[in-house]
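**Student:** In case you want the letters, here they are:
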Amino acid sequence: MAWTRDDMAARAARELKDGFYVNLGIGIPTLVANYIPEGVHVTLQSENGMLGMGPFPYEGDEDADLINAGKQTITELDSSSYFSSADSFAMIRGGHIALSILGGMQVSEDGDLANWMVPGKMVKGMGGAMDLVAGVKRVVVVMDHCEKSGAPKLLKECSLPLTGANVVDLLITELGVFEINRGKTPVRLIELAPGVTVDDVRAKTEADFEVAL
Amino acid sequence: MADKVRKNALEALDGLLFDGMTIMAGGFGLCGIPENLIAAIRESGVKDLTVVSNNCGVDGFGLGILLENRQIKKMISSYVGENKLFEQLYLSGELELEFNPQGTLAERIRAGGAGIPAFFTKTGVGTLVAEGKEVREFDGERYVMEMGLTADLSIVKAHTGDAEGNLVFRKTARNFNPMMATAGKATVVEVEVLVANGQLDKDNIHTPGIFVDRIFKGAVFEKRIERVTTRPREEKATA
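As they're listed, the protein sequences go chains A and B. Under this note's numbering, residues 1 to 213 are what the first sequence spells out, in order. Under this note's numbering, residues 1001 to 1239 are what the second sequence spells out, in order.
Some hints could be false.
[As the list claims (entries may be wrong)] Here are the simulated DSSO-like cross-link-like pairs (lysine-lysine), alpha carbons at most 30 Å apart as the crow flies: (1) A:71 to B:1047; (2) B:1122 to A:17; (3) A:137 to B:1185; (4) B:1185 to A:121; (5) B:1007 to A:124; (6) B:1122 to B:1047; (7) A:121 to B:1133; (8) B:1171 to B:1133; (9) B:1185 to B:1171; (10) A:156 to B:1133; (11) A:184 to B:1122; (12) B:1202 to B:1047; (13) B:1073 to B:1047; (14) A:204 to A:184; (15) A:137 to A:17; (16) A:121 to B:1122; (17) A:124 to B:1047; (18) B:1133 to A:124.
[What the hints assert, rightly or not] Each pair of labels, with its calculated beta carbon distance range: (19) B:1091 to A:78: 43 to 51 Å; (20) B:1117 to A:199: 40 to 48 Å; (21) B:1220 to A:121: 33 to 41 Å; (22) A:26 to B:1221: 25 to 33 Å.
[Stated by the list, open to error] Residues on chain B that point at chain A, a partial pick, calculated with CB under 7 Å: (23) 1074; (24) 1078; (25) 1079; (26) 1081; (27) 1120; (28) 1122; (29) 1127; (30) 1128; (31) 1225; (32) 1226; (33) 1233.
Just so you know, the hints here were simulated from the structure itself, not pulled from any lab data. Glycine is no exception: its CB is placed at the ideal position from the N, C-alpha and C atoms.
The shape of chain B in the complex, shown without the other chains (with noise of 0.2 Å):
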């Protein structure tokens, strides 16, 4: 059997990246993103990305750090307010954007990922996410057909693995990766900790082996907070 265990991002991509290609990265801001895997990206030097992602990182992380060095030409996203660079190269026409109802980017990852080449939705009927897309009335109500999504590469970031590359994410850090593991044509994993074969509970695993190529134990986890927020100690709970 192959073994999926590499030593660090470097070695883990290896041999997969090529100008040009299309990376699905997981992560909701900069919670769960694969942050060792996205710097090791920014060292490959690799350009004209078109890049999946719910968001594009901050200034200064996370995809932030693609888009400074100019290696990005397209994003698929559904919310990019974090980001002043961002707006700014957009606006400029430096760099393409397709925006995505968050649900629908969701649910075309998952068919994607899942053999299903479209579907329809409500989300969007009548905005200008719906032109130029097939419209159909089901029971009365129209729906828009949108298109599943897949990836060259799908750069994913979970809280343990195993060496089968059996995936347990951890709180909201879950997200898009789920479905972005099953959607890559090769989908490299960074865990926090990772284990030997056995040691994960097998009735709670949320990503299986079969969609990971490789996996290795992240170097570095800054986790970056983008908004702290915090109520004083003394004060109840009020929400």
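With the rest of the complex left out, here is chain A (with noise of 0.2 Å):
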């Protein structure tokens, strides 16, 4: 029994820490709002151009003017505050961001990521991403163990065009949890899904791995 979508969005909230400024990307990452611990504050940063992003509005409450980078209506906060895509682009750049959880596509045992482009396929575009891995002090990415096919994510090299090469620092999928720390060490697999052997996830994996449960 692996982890739901829910569940894999609950076990990155866990890398949340009192005080961070985060950015979430689009699609699972965006679930993780919803299980910030408790008693743990943190600032969610909008690379539009928002710090302190509140919850979805009430009904008939929405504002063009206020969305989030997935181009949701949002809210604000008592904290908030707005500002040029230079200058948010300056926080994730210059390190002032402590975490930032994505989507991804592949990830190798090096940390590279590949999360924006199938060629001649998907022609959807990088957004924030490649400054997001470059800047951000941590990485954390939330993705499915293996593509619809079967065939594995977890690679010993990215087939597709990268993200950032030596950029993951964690990979949260339904099968566990795999510390990559940048390539800098062996791939480690530290915590398994309910139910999910080590057998099950080798029989998924194509990156060499080292079990550390």
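These two chains come separately, so use the hints to put the complex back together.
**Tutor:** Right, here's the structure in full:
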């Protein structure tokens, strides 16, 4: 019984520490905001130009001038601030954001991340992902362990164009948690989802990893 | 002193448009886009445009209407995933595309407007983005050189402006607008509220009027929302 999307988000939320400025990507990472541990206060940055992202507005209170990086309507908090895209990425690139939680298409054992392009097929763009992985102090990737076809996504080397090289610190999938450490040390499997065995993980993983449960 | 105030988008763009030009358009998604100016550019029929904008609108709104009319030759953007026509035109070779990481795009525009021809950033090192560009090491870390970016025309949306062209943006509608205002050979601004000089708090002006050549009050602001997300009134805040 592997983890659900919400379980993965809840596990990622345990990476949040009190006082952190955090940027959450689109998809499962957005769900992390629902699982911020009690007593932990974090400030969510939205790279389109806001610190202190509040919850979704009540129906009828939507403001077209107030959206997050996923283009969803949001609200402000008493502590919120707004700024330009240049200032926003000065925060990101300049190392002022403690943690970024992102989705991924492939992660390599060297800590490379691919999540923005499939040549000839998907043309969406990297948005702010390349800046985030280059500048944020700690990068956590949350993704499905395998593709729909069953092909592994934790690889020896990414086959898709990279978002960043040697950038991933931690990987969370429905099967478990891997310490990637930007490729500075061998990949280590540090947690398993309930009912998942090391053999299950080996069968679905191309990358070499050590078991450190 | 030259009067910067114009009656409408058409008048504000008078004499500024030509085929093959480069236009910077403010906005993130559909938030803070100069929708009146985009509509007027569509009306003008000007073509072979290179457009610098973080996104390319959606099918039927924002910059999407210039795509539909085949007025855009090349886009410089960070993310275009909201637009089906875009993907189709690009994959069929009808549209050129240059992807820039969002922060690199913002900084290229800021640099262009600030007279800085190039800068080094660690964003994109070891990726396709760095191909063909100078990579240099500073303090043991590798950085890629990116060029400043300017345009023949910048089209900007602000919430409030005065006759001098001083601008105040509202919430996340600010995004790329302030940098683009600095990087256009000509900068044209549409505002929801146009006030007389003296009405704005001079300590809280986001873009000083020096960067603005023409300003007008937009006729219509649809301000379409891309993804309406709400919570029920009973529920407690979770995010």
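**Student:** Which hint numbers doesn't this structure obey?
**Tutor:** The structure breaks hints 3, 4, 5, 6, 8, 12, 20, 23, 27; every other hint is satisfied.
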